[in-house]
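S.K.: Can you make the complete structure from the sequences, with help from the hints?
Residue numbers (the UniProt record's numbering): 1 to 686.
Hint data in this document are derived by calculation from the structure and do not stem from the laboratory.
When the alpha-carbon atoms are kept at most 35 Å apart in a straight line, the in silico DSBU-like pairs for lysine-lysine are as follows: (1) 74 <-> 620; (2) 99 <-> 171; (3) 161 <-> 171; (4) 203 <-> 99; (5) 596 <-> 620; (6) 514 <-> 398; (7) 66 <-> 268; (8) 337 <-> 46; (9) 233 <-> 268; (10) 99 <-> 233; (11) 337 <-> 193; (12) 233 <-> 403; (13) 620 <-> 114.
What you are looking at is a predicted structure, and each value in this text was computed from that prediction instead of being measured.
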Amino acid sequence: MFWRWLFIAGGATVSAVSDPSLHHHLERQSSNACAQLEAAAMKAGKSQEVPAALAYECLMSVPMHKEMDLFFIKTLMPYLDFHADMQWLKSPPEEYAQKVKGPVDVVGCINSVKEAVERDAYTSEYLFSLDLETCFMNAQDEHFGYLFDMAGGLLQFGRTKSLVSASPDGKSPVAPYIYSDIDAVINHNQTFKPSPIVKINDKDAAQFLEDYSHGAPFQDPDAAWNILFANPKVDGVFTFGLPKAAWYPGPTTTYEFANGSKYVDQTKAYITQTFKPNATVHTGEDFWQQHITWQYGNSETCYGAISVYDYGNCLRPTANTTKPPSTPVTSGGGPVKPPDAYPMPVVSLNNSNTWGFFPDGEATRDVAVLVITEMHDVNNNHFDHDSLTRFLNEFYQKASAAKRNKLVIDLSSNLGGYDFASLLTYLYGGEEPIYGGNTQATEARSLIAEEYGYSIDNSPPGSLHFINPILEYNYHHNLQLNGQNFTSAKQKFSPVSRGPNGASFTPYWRTSYKPLELSKSPFTPENTIILTDGIVGSAAAALAEVLILQANVRTVAIGGRPSNNPMQAVGGTRSYGLMAFSNVFTETGAIFIEGKLHTPEWYNKTVLAQLNSLPLIRSKANGLCLQLSQDPRDPQGIPMQYRYQPADVRIPFTWENVLHFEARWRDAVVKAFGAGEGLEVQRPVA
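M.R.: Right, here's the structure in full:
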């Protein structure tokens, strides 16, 4: 699964060490603030709201725990070796650096924070946590992040007013507005004229918002801009979103409008579900002991921060117990009603936010729309095979009967889920999607893969309880670029190419896809467009890339910063696969528990022994990139994450189409299939 929580914002500098000038709100506060906060939390009820200033004061009063923090940083670093594109981040291709994002040195940033801890530069655990969290957010990658307990994991801040960035009519300049003002005029027949926001906290509004967007988990600046703003489905990250919600923005946010009026928005604070109020908490140190503290563990206690070797010792006695039978996961359920901003669908994929529409209007009379808002069902499972077959068959049959031969695939605000690149074949038949990539070849990956391969090959089926045969470490699990199976772990994980800074990378590997029994699709690639707001990542990015690269489907991007410059259709992470830190720890621990190639003591003398469970304890959510996606035709092997690909067409958000999806589809169709207003872009040849 992908990490929706990675809506990160804040200062996007390479060095995150705290500077007092950057934290004008951040001073040591009242010693009893935490006692007052705990009392307020007990009374919060379902709203979970507590006074924002009090929450901030309590966080700021939590003192540093220097030795524990330095040990934490030490245990954090080995996990970074499992992130696939650390070297590409540090040394991106020139075009990407010029047009999208410059170099980011995550390890250097963390080392700077470590040095600051060593010289006692921090006065609060809160500031330390914010700075370390910033080292991750600088990457602007939906698959790479770390949400601390102290910074967003227990207390979160937000605003009350949602914003939109739109043009009144598609011709007037794009500007930020209060969402409720536009909604009142468009949906509730109010007659007043909404006034654009010209200043936020006495700064130019557009510049303020662009600065704010620099830390969003989207490397494309237009996608990062779009995620700030509300639509009928979400409030927008500028209002509330993790982990920007970890940052206290001050007590208020002041909006100044073009008509001279002002509005002062009060900052809100909320406790999370992991916050358990306790009346015995009085000081910042008490807060730490109640909500944050951890213990050093060992193989006898099996509790607290333990090494992967001790973890193996704790669980090895259970390795030979009977494995409980697994329960098949099915989607089940019926159709899900789309939000009110959508028209009535003609077909719905059961238990999923996926629908087929036939929009009304002269411009769209021959158009069908396939909306996929996430690449999984509402229970975060794969799309059910039988339900998907029925859905597509019904969609194709109804589209053919209605003479709808043009297709809009709306992937707006789709941050991924499970691989669905097979839609290429389901839509157009013929060739199988070929999509995958490589990962950095490291000693740790090689050791794990060799043990997985050996243990799986030398164990009866079903006898392994911790070494999972469906993981990428199993060389049987994926195909080579040519469609052949790998013959050994060494073949799959040995270095075969060089990347930035002399880093070694594995061969390309990819997934095979299961066919469906489908009616003939009425759609062709030349009569298909992909519509996005740039907020497309992970498995959704993989689907878009397959359709673009293999079928030459055109793209329409909507929204973005107030400019006429090109905009990318895929602005989110393009890496292929996500691991949580817990996956790294437990999948490595599996070879200490039941590996057959080497003993736990042998592995305890390797690089794998550095892994410790503490980063799992201190984090409320986290992620690492498993595999880089690549265009198989690209001889340079540049990951898709680091290729600049402007959309074929760019259109603006308007007051109408930001609130009504049918208007959005109409505007995209008019520009892509006919004469209309928009920005045409010449797509570069791969």
